[in-house]
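First to last, the protein sequences are chains A, B, C and D. As numbered in my numbering, the first sequence has no gaps in its residue numbers, which increase by one up to the final residue, 285. As numbered in my numbering, the second sequence has no gaps in its residue numbers, which increase by one up to the final residue, 570. As numbered in my numbering, the third sequence has no gaps in its residue numbers, which increase by one up to the final residue, 855. As numbered in my numbering, the fourth sequence has no gaps in its residue numbers, which increase by one up to the final residue, 1140.
Honestly, the hints are just simulated from the structure, not real lab data.
Straight-line distance between alpha carbons at most 30 Å, and here's what the computed DSSO-like set of lysine-lysine pairs gives:
hint, chain 1, residue 1, chain 2, residue 2
1, A, Lys16, B, Lys359
2, A, Lys16, B, Lys373
3, B, Lys298, D, Lys1108
4, C, Lys583, A, Lys253
5, D, Lys1135, D, Lys871
6, A, Lys88, A, Lys74
7, A, Lys280, D, Lys1108
8, B, Lys565, C, Lys823
Each chain is listed here by its residues.
Number of protein chains: 4
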Amino acid sequence: MSNSTAILLITCKDHKGLVARVSGFIHEFGGNILDSDHHTDRETGDFLMRTVFDLAGFQIPQEEIANAFGPIAKIFNMNFQIYFSDRKPRIGILVSQYDHCLVDVLQRHRRGELAIEIPVIVSNHQTTEWWANLFHIPFRHFPVTPQTKEQQEREVLAVFREHQVELVVMARYMQIVSEEFLQEIGCPVVNIHHSFLPAFVGAKPYHQAYDRGVKIIGATAHYATRDLDEGPIIEQDVVRVGHRDTVQDLIRKGRDLEVLVLARAIRLHVEHRVLVYGRKTVVFD
Amino acid sequence: MSNSTAILLITCKDHKGLVARVSGFIHEFGGNILDSDHHTDRETGDFLMRTVFDLAGFQIPQEEIANAFGPIAKIFNMNFQIYFSDRKPRIGILVSQYDHCLVDVLQRHRRGELAIEIPVIVSNHQTTEWWANLFHIPFRHFPVTPQTKEQQEREVLAVFREHQVELVVMARYMQIVSEEFLQEIGCPVVNIHHSFLPAFVGAKPYHQAYDRGVKIIGATAHYATRDLDEGPIIEQDVVRVGHRDTVQDLIRKGRDLEVLVLARAIRLHVEHRVLVYGRKTVVFD
Amino acid sequence: MSNSTAILLITCKDHKGLVARVSGFIHEFGGNILDSDHHTDRETGDFLMRTVFDLAGFQIPQEEIANAFGPIAKIFNMNFQIYFSDRKPRIGILVSQYDHCLVDVLQRHRRGELAIEIPVIVSNHQTTEWWANLFHIPFRHFPVTPQTKEQQEREVLAVFREHQVELVVMARYMQIVSEEFLQEIGCPVVNIHHSFLPAFVGAKPYHQAYDRGVKIIGATAHYATRDLDEGPIIEQDVVRVGHRDTVQDLIRKGRDLEVLVLARAIRLHVEHRVLVYGRKTVVFD
Amino acid sequence: MSNSTAILLITCKDHKGLVARVSGFIHEFGGNILDSDHHTDRETGDFLMRTVFDLAGFQIPQEEIANAFGPIAKIFNMNFQIYFSDRKPRIGILVSQYDHCLVDVLQRHRRGELAIEIPVIVSNHQTTEWWANLFHIPFRHFPVTPQTKEQQEREVLAVFREHQVELVVMARYMQIVSEEFLQEIGCPVVNIHHSFLPAFVGAKPYHQAYDRGVKIIGATAHYATRDLDEGPIIEQDVVRVGHRDTVQDLIRKGRDLEVLVLARAIRLHVEHRVLVYGRKTVVFD
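So that you can see chain A by itself, here it is in the shape it has in the complex:
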């Protein structure tokens, strides 16, 4: 018995009766659906669902729900996960020298806005160690050069594993992580890119935006994949700029965007509102 809630995420091909079977299962065992949303991609036939139900009065213990749901999942060939609201995801942070995204996440965490744990902060610089100490979070410093990159990534991987990290947040980590790192890490990696993707991929997007003379700049939070800046987009936002804005102004205005967009993406992810399929996301907000 518990007063927390369960979040059931389902991905499969569309079939008649999916919603009825899932909601019937929850009702049968005394659960109350608090929130439910689903989406069918008519082109691909993909069905994606997120259902939140109250565990108070639910007759199956938390640890057995997945087993109990198994037969239904089998019928429809579902991929599914069950999360519980009393369990905070463990987030590892990767950061370089710019601290605005890091400090923002720490502040939100501190005031209870994000239901997460931050077991470790990893950086290739020491500039943010001060903030880690301030918030009593273990800080690990792994400098990197082109020669040591492979070795450095192995060390970073080991630290994240040691801390049983379930999500890596690249809070302006100015290194490109390798395909091997992404394969080995075994959990999603969220990156904040300082442009309105797919405009201005790659390095120095604010300089690119300035040179092109755009009237709006943006920021994009996406899952990191082996194709740089090509991963599924979680959240984007934009701000107006004009001819008076220098590159420095774009960087300044962009910082505020990066902070907000990354914070929203983390919130969406840790509330299990983001489902990936193909190179896209469904965001149930």
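Put chains B, C and D on the given structure of chain A with help from the hints.
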């Protein structure tokens, strides 16, 4: 048998098993849920639901679905309506002299963007008759003075009834409709107010906004109720203004907002995405 | 003597005393500056200025102002133009089958929102002829095939010249105009591209945006140059989209953006608020 | 001689030759205008101007510029101020328990984004003392009750005077400051109100917005005047909300708005871009 879809709207107090029973009913008779959304107001305990299901293969004829669903509705003391996508709502338009909202609705209708019928346009002026004729829509002119207002409203009511109007859109109708009119009309009335409600209720909101020196102006589409500008809000949007903008500039910028906000509100309403409870709306978009 | 205003646009390299000399000239001959704005690009050293002054009481006749200002222009090696508010720019419209941008421009023109003349509408289709007739604007139909393109462009050029067009607006003209056309036309050409440039250049940007899974789509008004979709940007705007939006929804939402962004760009251009330098614009709004 | 810039702010009634005289003065003594903007309110005849000029090569020492400009000011009956970019305004902060605006300002200050000094933080609570200590800023705690309010305000006033504060920022100070305080303080006071004024004046605006069912909420930075929430508006911004958002969600989303809107208002004020006239502002950005 039909290849259209059914839209089932439900309002009741929250209970365990609501989603399971509704989706079970649809599944039992061979329907496929295409889209479903619901909301529970934790404070009031109100439960609101919108479910869209495919009628292809559904074993109950359209005209008997309401009866068949009756027993379930009774158990949970539901208010419910069923709409069918092959049936276009009949919209009556009320307009005065400004034609921008009217012309925009007519254009969207013409290019097939809104699945509606417009059986009649009613105005207290003749300036928009040209547009009505152009689009081959019956136009009725009922001038109004403080002395003739009661009589005029009776005539307008009679026209809308004669044309079996299911929604009245006040597309910048510069008259305040009476409480009696709203009681008698027997269908929802959508109004576009040219401010970001509840700021600047009443007359000349752009002048009020100019005098107050706000940096952003807005427009609000809401259901008309007897309390002027107090009805449930369907949609709002805003645009930036600055010290260089005169009242005329505010009016010009505001026109673009009014057009967009009213168009979105009509779309949301005719797709049965708006449920009213208390003085609020739930918008399932 | 006149109660209209003059708009003086200046481009040159930055020098001390530029503002003093220009404002001194206007003051010396009895003009009153109503509005003035300038910008210096610190990187390139470019100076751009727009000054509006009242012609009431100005001691130089309109037709001699340019001559009188010549000596000052020479000192600073200025490029300059003088426009008068009582003179409406002549705009030629190029359009294909989609009529939303065209109808919007015609409506704004009709209600006096744009101080322009529209002497001719040119199309490679006949679908918009109805609208041209309605608004009593000459319509010319020049169909185009890959084989006849060169000939068709010569005919279009001849028509625009015949009507002494000072700006060409491509209001969703689905043809790529040739470099020769742009050289020959002898006036600016404004295009509306249905994406947030530089994202999604080229064909079918809404389909590209849908495939990429972006959370925001945009529209861009820019001057047409020989490099497709690479011309100086005048105005951009964006709207949120989500996983429920199909390509058709993106197209629908995008239409509203295209209309607004193009209308704003035309207004900015005809009020002589846009100065081009390099591949960028300065917009004095 | 200096490599800083001067910012000249002028307010007077509109006259011919104002721009020429001001720019002529600067040019005459060897200054180079870097940026200049002005505005004439056609209704009231008010003229407001902001001119930035380079002091390198300017022949009048900083401390004598005001005197030298005096005769021109006298001719046109100008109010004027001269500020210098090498002189950072001294800002006193008033805060209660919510720390998000305070921490944001401190962070921007720390990374050099705001050219200000913060000599003191004053609070009626001790919760933010930790942050003041962290950033090595003197912290003064003056608790307040209805009985001690008069005395408390005198103490706060004394502290701000002692630190020669030139701007007071109420960074979510949950007390209403008295008319006497505003008269005595002798410098502008900026407040952040957590609604889109003039909607939801007074207490608990997020609760008011929730009860009204608005689809957009806002935040407003304004100068504090004796009429509560009626002072001249400097900056506003908004964010979308929906039926799923609880009051707590509105508060959370609103926090991000408050932070951004207050930060922008402070930046605009300390760069001397805001001129007040009547109950409005001109913002030269």
